[in-house]
Amino acid sequence: DSGVTQTPKHLITATGQRVTLRCSPRSGDLSVYWYQQSLDQGLQFLIHYYNGEERAKGNILERFSAQQFPDLHSELNLSSLELGDSALYFCASSVAATQRETQYFGPGTRLLVL
Amino acid sequence: LAKTTQPISMDSYEGQEVNITCSHNNIATNDYITWYQQFPSQGPRFIIQGYKTKVTNEVASLFIPADRKSSTLSLPRVSLSDTAVYYCLVGGSSGGGADGLTFGKGTHLIIQP
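Note that the protein sequences, when read in sequence, are chains A and B.
If you're matching positions, the first sequence starts at 8 in our numbering and goes up one per residue.
If you're matching positions, the second sequence starts at -13 in our numbering and goes up one per residue.
These are calculated hints, taken from the structure and not from any lab test.
Be careful, since some hints might not be right.
[Stated by the list, open to error] SDA-like, lysine to any residue: derived pairs with alpha carbons at most 20 Å apart:
{"hint": "1", "chain 1": "B", "residue 1": "Lys91", "chain 2": "B", "residue 2": "Arg63"}
{"hint": "2", "chain 1": "B", "residue 1": "Lys91", "chain 2": "A", "residue 2": "Lys16"}
{"hint": "3", "chain 1": "B", "residue 1": "Lys(-11)", "chain 2": "A", "residue 2": "Leu95"}
{"hint": "4", "chain 1": "B", "residue 1": "Lys91", "chain 2": "A", "residue 2": "Thr109"}
{"hint": "5", "chain 1": "B", "residue 1": "Lys(-11)", "chain 2": "A", "residue 2": "Gln44"}
{"hint": "6", "chain 1": "A", "residue 1": "Lys64", "chain 2": "B", "residue 2": "Gly90"}
{"hint": "7", "chain 1": "B", "residue 1": "Lys91", "chain 2": "A", "residue 2": "Phe76"}
{"hint": "8", "chain 1": "B", "residue 1": "Lys(-11)", "chain 2": "A", "residue 2": "Lys16"}
{"hint": "9", "chain 1": "B", "residue 1": "Lys(-11)", "chain 2": "A", "residue 2": "Thr105"}
{"hint": "10", "chain 1": "B", "residue 1": "Lys91", "chain 2": "A", "residue 2": "Asn66"}
{"hint": "11", "chain 1": "A", "residue 1": "Lys64", "chain 2": "A", "residue 2": "Gln44"}
{"hint": "12", "chain 1": "B", "residue 1": "Lys91", "chain 2": "A", "residue 2": "Leu95"}
{"hint": "13", "chain 1": "B", "residue 1": "Lys38", "chain 2": "A", "residue 2": "Thr105"}
{"hint": "14", "chain 1": "A", "residue 1": "Lys16", "chain 2": "A", "residue 2": "Leu90"}
[Stated by the list, open to error] Across the chosen pairs, the derived CB separations fall in these ranges:
{"hint": "15", "chain 1": "B", "residue 1": "Ile(-6)", "chain 2": "A", "residue 2": "Leu68", "range": "23 to 29 Å"}
{"hint": "16", "chain 1": "B", "residue 1": "Asn11", "chain 2": "A", "residue 2": "Gly23", "range": "40 to 46 Å"}
{"hint": "17", "chain 1": "B", "residue 1": "Ile(-6)", "chain 2": "A", "residue 2": "Ala103", "range": "46 to 52 Å"}
{"hint": "18", "chain 1": "B", "residue 1": "Asn12", "chain 2": "A", "residue 2": "Asn66", "range": "16 to 22 Å"}
{"hint": "19", "chain 1": "A", "residue 1": "Phe76", "chain 2": "B", "residue 2": "Lys38", "range": "22 to 28 Å"}
{"hint": "20", "chain 1": "A", "residue 1": "Glu60", "chain 2": "B", "residue 2": "Lys38", "range": "31 to 37 Å"}
{"hint": "21", "chain 1": "B", "residue 1": "Pro62", "chain 2": "A", "residue 2": "Val102", "range": "25 to 31 Å"}
These numbers come from a predicted model, not from an experiment.
We treat Cβ as the ideally placed atom computed from N, Cα and C, and that holds for glycine.
This is chain A alone, in the form it adopts within the complex:
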């Protein structure tokens, strides 16, 4: 158990819909990262927040957005969902904001878009 929690564990929805994925970092961690992992794809970095502020953006679509709240939990919003958005979405946390920090990953949210 990494100490990072993600909800929901599974999510099934239809194309065109909007969903929100939630992540609670380990106690004391200020950084939250979001990743997408599709079938046969590597782990794709989406976005990084540190203490409420966006620090880095990766391959995140404009239909996707995220935020980190004052209590440090984070939400990833996916809108106008397409079949290709079906994937495992991981959240990770770390103590600080530098790239060398060890990231602790949550169990993931499996999204299926029908």
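Based on the hints, put chain B in the right spot on chain A.
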């Protein structure tokens, strides 16, 4: 921009030592090298991190030559449970940017009995 190149897949047998090499020709002075392990349907898990020479912990060793343009993750006496995807990341301590957060497709290691 320190990008990494790893073999797509490898296989070995139980009890053998497995070495996975990662190339990172454009590594910067303040970059560290970190390896993660991922089992199916689980999030990656930190294995080891190093800057230069050799680092060893209870599960693996990391060998980094003097030019730091590559690194080798060494798993001693592997077992079936070491079958997983292994990712090499290169990232600095200066913060910011997405380069050090590129996991890529990793190396699929399959251990056979």
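So, going through the hints one by one against the coordinates:
1. Only pairs whose Cα atoms come within 20 Å are accepted, and B:Lys91 paired with B:Arg63 is rejected, the gap being roughly 24 Å.
2. Restraint check for B:Lys91 and A:Lys16: not satisfied, since their Cα atoms lie roughly 23 Å apart, outside the 20 Å limit.
3. Taken as a hint, the B:Lys(-11) and A:Leu95 pair is broken in the structure, with Cα atoms around 24 Å apart against an allowance of 20 Å.
4. Distance check on the hinted pair: B:Lys91 and A:Thr109 sit about 19 Å apart at the alpha-carbon level, within 20 Å; holds.
5. For the hint pairing B:Lys(-11) with A:Gln44, the CA-to-CA distance comes to about 19 Å; that is within 20 Å, so the pair holds.
6. The suggested pairing of A:Lys64 with B:Gly90 holds, with an alpha-carbon distance near 16 Å, which does not exceed 20 Å.
7. Between the alpha carbons of B:Lys91 and A:Phe76 the distance comes to roughly 31 Å, so the proposed pair goes past 20 Å and is violated.
8. Proposed proximity of B:Lys(-11) and A:Lys16 is contradicted: the alpha carbons are some 32 Å apart, above 20 Å.
9. Among the hinted pairs, B:Lys(-11) with A:Thr105 is consistent with the structure: their alpha-carbon atoms are about 17 Å apart, no more than 20 Å.
10. Distance check on the hinted pair: B:Lys91 and A:Asn66 sit about 15 Å apart at the alpha-carbon level, within 20 Å; holds.
11. Among the hinted pairs, A:Lys64 with A:Gln44 is consistent with the structure: their alpha-carbon atoms are about 16 Å apart, no more than 20 Å.
12. Simply put, B:Lys91 and A:Leu95 have alpha-carbon atoms about 14 Å apart, close enough for the 20 Å limit, and the pair holds.
13. For the hint pairing B:Lys38 with A:Thr105, the CA-to-CA distance comes to about 18 Å; that is within 20 Å, so the pair holds.
14. This hinted pair checks out: A:Lys16 and A:Leu90 have alpha carbons roughly 19 Å apart, not beyond 20 Å.
15. Checked against the hint of 23 to 29 Å, the C-beta distance between B:Ile(-6) and A:Leu68 comes to roughly 26 Å, which is consistent with it.
16. Here the CB-CB span from B:Asn11 to A:Gly23 is close to 44 Å, well matched to the stated 40 to 46 Å.
17. Between B:Ile(-6) and A:Ala103, the C-beta spacing of about 32 Å breaks the proposed range 46 to 52 Å.
18. A C-beta distance of roughly 20 Å is found between B:Asn12 and A:Asn66, which places it inside the suggested range of 16 to 22 Å.
19. Range check, A:Phe76 to B:Lys38: Cβ separation about 39 Å, and the 22 to 28 Å hint is violated.
20. Range check, A:Glu60 to B:Lys38: Cβ separation about 32 Å, and the 31 to 37 Å hint holds.
21. At roughly 29 Å, the beta carbons of B:Pro62 and A:Val102 sit within the given window of 25 to 31 Å.
Hint violations for this structure: numbers 1, 2, 3, 7, 8, 17 and 19, all remaining hints satisfied.
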